[in-house]
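Visitor: Please put together the full structure from these sequences, using the hints given.
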Amino acid sequence: MDIVDNIATYFDDRAESWDKMEHTTRSRVQGAVLSLVGIGQGSRVLDVACGTGVMTPHYVQAGVSSVLGVDLSEKMIAVARRKFADEPTVSFLAGDVNELPEGDPFDAVVIYNAYPHFMDKDALVEKTYKLLKPGGRFVVAHGSGKDVINAHHDAVAAGVSMGLRSAAEESAIWAKRFTLESQVDTPGFYAFSGVKEA
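The UniProt record's numbering applies: residue 1 is where the sequence shown begins, and numbers increase by one.
No lab work stands behind these hints, which were simulated from the structure alone.
Here are the simulated EDC-like pairs of lysine to aspartate or glutamate, each with C-alpha atoms no more than 20 angstroms apart in a straight line:
hint, residue 1, residue 2
1, Lys127, Glu170
2, Lys75, Asp86
3, Lys146, Glu169
4, Lys127, Glu197
5, Lys121, Asp96
6, Lys75, Asp96
7, Lys130, Glu102
8, Lys121, Asp185
9, Lys133, Glu197
10, Lys196, Glu181
11, Lys130, Glu99
12, Lys176, Glu197
13, Lys176, Asp120
14, Lys130, Asp96
15, Lys176, Asp122
16, Lys130, Asp120
17, Lys130, Glu197
18, Lys75, Glu99
19, Lys127, Asp96
20, Lys121, Glu181
21, Lys196, Asp104
22, Lys127, Glu99
23, Lys146, Asp120
24, Lys146, Asp185
25, Lys196, Glu102
26, Lys196, Glu126
27, Lys133, Asp104
28, Lys133, Asp122
29, Lys133, Glu181
30, Lys121, Glu102
31, Lys130, Glu181
32, Lys196, Asp122
33, Lys127, Glu102
34, Lys196, Glu170
35, Lys130, Asp104
36, Lys121, Glu169
Guide: This is the structure:
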């Protein structure tokens, strides 16, 4: 089993109970995430490592034209599809974001509460760049600070996550392809975002 399969299995095993965890209730944090990338009326959004669709209600409420949620875990995607079966602007795909076709770019790419699970950050940066329209924005965000995130991931099975460094350190590789617009590194919120220049 390779790393991607290990990560998918880890989340498959937790899919049915995922929404019972506390991280589904932080609407102010999730609203801040949308604000950092300018998601609003008519936006086309890619939600990377979307899990069960924690961010999806916020996209719909913002009036996006479409949102595609992608996750390695087929079981997480199955839960998300059940939850949003009646929402015509929302679709979900079980798979690796690095394998998505690049012909129909997005206005925004959101990576929420998932960044430690990406082992090849350089590949993620490059794929995000290719999936965004010129002028499109990305955000990497967590509803907790890095110390809380790292304590959580220290308890996670080996091989499915890695530690989170400061927003300044983590965003440095993104600055190779994007103009960085924000960095937030507090005990209660962690994020960095940027824009793909036209």
